[in-house]
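Novice: Build out the structure end to end from the sequences listed, making use of the hints.
The numbering used here numbers the first residue of the sequence shown as 35 and each following residue consecutively.
It should be emphasised that the hints constitute simulated quantities derived from the structure, not laboratory data. Please read these numbers as outputs of a predicted model, since none were measured by experiment. Treat the hints with caution; some may be incorrect.
[Stated by the list, open to error] Capping the alpha-carbon separation at 16 Å, the derived lysine to aspartate or glutamate pairs in EDC-like fashion look like this: (1) Lys270 with Asp206; (2) Lys243 with Asp232; (3) Lys288 with Asp257; (4) Lys160 with Glu194; (5) Lys291 with Asp248; (6) Lys195 with Asp206; (7) Lys291 with Glu264; (8) Lys89 with Asp186; (9) Lys311 with Asp222; (10) Lys463 with Glu66; (11) Lys193 with Glu213; (12) Lys90 with Asp232; (13) Lys288 with Asp248; (14) Lys311 with Asp232; (15) Lys290 with Asp248; (16) Lys243 with Glu231; (17) Lys345 with Asp109; (18) Lys219 with Asp257.
[Claimed, not checked] Derived Cβ-Cβ restraints for the label pairs, each shown as a range: (19) Gln308 with Ala123: 36 to 42 Å; (20) Lys89 with His223: 23 to 29 Å; (21) Asn189 with Pro301: 45 to 51 Å; (22) Ser209 with Ala123: 25 to 31 Å; (23) Lys139 with Glu231: 41 to 47 Å; (24) Lys288 with Ser128: 49 to 55 Å; (25) Asn280 with Lys177: 32 to 38 Å; (26) Lys90 with Leu464: 36 to 42 Å; (27) Leu294 with Ser209: 36 to 42 Å; (28) Ile57 with Lys384: 16 to 22 Å.
Ideal placement from N, C-alpha and C gives every residue a C-beta, glycine not left out.
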Amino acid sequence: MKLILLIILLSVTAFLATGQVEIKPSPLPGFEQRIRAYTDSLPVVDTHEHLMDPKKIRRSTLLDFMLLFHHFADDDLISAGMPPNTFQALLGDSLSVKEKWLLFKPYWEKTFNTSFNRVSMLAARKLFGISELNGYTVELLSKRIREAYQADWFNTVLKEKCNISFLIQDFDDNSFGNEGFRHVKRLDHFINIASGEDIATLTGASGKKPTTFDELLNLLRADFQQAVSEGVVAIKIGVAYTRPLNFENPGRDKAKKLFLETLSTPPGQPLSFQEVKPLQDFMLHRIIGLAREFNLPVQIHTGLQAGNGNKAENANPTLLTNLFQSYPQVKFVLFHGGYPFGGEIATLAKNFPNVYIDLCWVYAISPSYSQRYLHEWLETVPACKIMGFGGDYHNVENVYAELLMARQIISTVLTEKISTGYFNEAEAKLIARMLLYENALNFYNLVSENPKPDGS
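Specialist: So this is what it looks like as structure tokens:
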């Protein structure tokens, strides 16, 4: 009897642990396959990339197996002990592919498990038919990569294999791409001011550095207006790499006084962050004010920073709360699923009508985090406020691999929601379309090439 009661108790506990409640009736058989097929067929708005010009890749020293491992995988290789100068040697042309493999192999054996490296291996398998890395396959993989770049590989991957309708590029070079490319503008250099030398770099189109506070503000406006005239779809703020995301509003007089102090700093002697923070904060507020004036949304890097030795606390999205309160007319999208601040980012998007979530890059950081929090966000945040994909990569191969992961995770979450009765099949399909296509289309005011994707 005790055993039976224990089994019943464990069964009830397991059911409650799923956190799901049955709202919709049981689905018709085969819904898992239908949801996966539908999700896989949808066109995509890719919200965030740093793609390199394929013509430059073709002429570079990256045209071997390291093309798949040069971006983000390097963070884990270095975290596992690879000296940075060794990694740089892997990107050059002084070593043969075999010599590169001999340097790469000991650290690959320590880091193959990470999701950054799983993305690279998925690209190698799906695009080049290489399932394992060894002394022979790296030669073959390198050969197949070189052969691919002899044709229009760039657009073959993005358009035919990924089915990307629009791609938002976060990169200064706008000389390449296809008709679906759109761009954002970064103005971080107007925020990260700590010395007269920093100010001297802010010359803009005029070529003249600002020597007064008014000239600085006029230069910022001119750069902003130029970006608007060039058709940018958003402003990107990435300063979490250099400072915390808490921005007070100190007022113009204090900022002007600090500008003059900063302008007069001796060479090589910048002000400390605490000294110059009010000026930086003021400039951020001025940028957000311009975004409001010109009706542009603002992307903000939150959560994990690429590289090694960064401060995660700098990028806690809750530090931005006063901005959301101060600029209710400005739409803010918080990048990278806020990893590891998944609950915090859900609270912000739920509480503030002008705050949105973007899962760009987070599938490559952690598939299980992406799956776990997508479940939670679909229970807490209006579905229209979640954007489902951006690769955040330099190369199209890893974009393709991460998109495969994104489609699988989205379809898995939705089938689990159907199986427990939280959604029905029609609702799940609607949400898949919103996540991968419609939400970003609406957020960035993109002109649709495919206004009603139906997965057919």
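Novice: Work down the list of hints and note, for each, if the structure agrees.
Specialist: Do the hints match the structure? See the list:
1. With a C-alpha separation of about 12 Å, the suggested pairing of Lys270 with Asp206 holds against the 16 Å cut-off.
2. Restraint check for Lys243 and Asp232: the C-alpha separation of about 10 Å stays at or below 16 Å, so the hint holds.
3. Of the supplied pair hints, the one linking Lys288 and Asp257 is violated, its CA atoms being roughly 23 Å apart against a limit of 16 Å.
4. Only pairs whose Cα atoms come within 16 Å are accepted, and Lys160 paired with Glu194 is accepted, the gap being roughly 14 Å.
5. At most 16 Å may separate the alpha-carbon atoms for a hinted pair to count; Lys291 and Asp248 meet this at roughly 12 Å.
6. Simply put, Lys195 and Asp206 have alpha-carbon atoms about 26 Å apart, too far for the 16 Å limit, and the pair is violated.
7. Distance check on the hinted pair: Lys291 and Glu264 sit about 33 Å apart at the alpha-carbon level, beyond 16 Å; violated.
8. For the hint linking Lys89 to Asp186, the alpha-carbon distance of about 10 Å falls within 16 Å, and the restraint holds.
9. With a C-alpha separation of about 14 Å, the suggested pairing of Lys311 with Asp222 holds against the 16 Å cut-off.
10. Distance check on the hinted pair: Lys463 and Glu66 sit about 11 Å apart at the alpha-carbon level, within 16 Å; holds.
11. Simply put, Lys193 and Glu213 have alpha-carbon atoms about 11 Å apart, close enough for the 16 Å limit, and the pair holds.
12. At most 16 Å may separate the alpha-carbon atoms for a hinted pair to count; Lys90 and Asp232 exceed this at roughly 29 Å.
13. Only pairs whose Cα atoms come within 16 Å are accepted, and Lys288 paired with Asp248 is accepted, the gap being roughly 14 Å.
14. With a C-alpha separation of about 14 Å, the suggested pairing of Lys311 with Asp232 holds against the 16 Å cut-off.
15. With a C-alpha separation of about 9 Å, the suggested pair Lys290 and Asp248 falls inside the 16 Å cut-off, and the hint holds.
16. At roughly 10 Å between alpha-carbon atoms, Lys243 and Glu231 fall within 16 Å of each other, so this suggested pair holds.
17. A threshold of 16 Å between alpha carbons decides the hint, and for Lys345 with Asp109 the separation of about 15 Å falls inside it, so the pair holds.
18. Proposed proximity of Lys219 and Asp257 is supported: the alpha carbons are some 9 Å apart, at most 16 Å.
19. For Gln308 and Ala123, the hinted distance range of 36 to 42 Å is satisfied, since their beta carbons lie about 39 Å from each other.
20. Checked against the given bound of 23 to 29 Å, the beta carbons of Lys89 and His223, roughly 27 Å apart, stay inside it.
21. In this structure the hint that Asn189 and Pro301 lie 45 to 51 Å apart at CB holds, the actual value being about 47 Å.
22. At roughly 30 Å, the beta carbons of Ser209 and Ala123 sit within the given window of 25 to 31 Å.
23. Checked against the hint of 41 to 47 Å, the pair Lys139 and Glu231 passes, with Cβ atoms roughly 43 Å apart.
24. Between Lys288 and Ser128 the C-beta distance comes to about 52 Å, which sits within the given range of 49 to 55 Å.
25. For Asn280 and Lys177, the hinted distance range of 32 to 38 Å is not satisfied, since their beta carbons lie about 51 Å from each other.
26. Separation of Lys90 from Leu464 is about 41 Å and conforms to the stated range, judged on CB atoms against 36 to 42 Å.
27. Between Leu294 and Ser209 the beta carbon distance is about 38 Å. The supplied range of 36 to 42 Å therefore holds.
28. At roughly 19 Å, the beta-carbon separation of Ile57 and Lys384 lies within the given 16 to 22 Å, and the hint holds.
Taken one by one, the earlier hints fail for this structure at numbers 3, 6, 7, 12 and 25, listed in ascending order.
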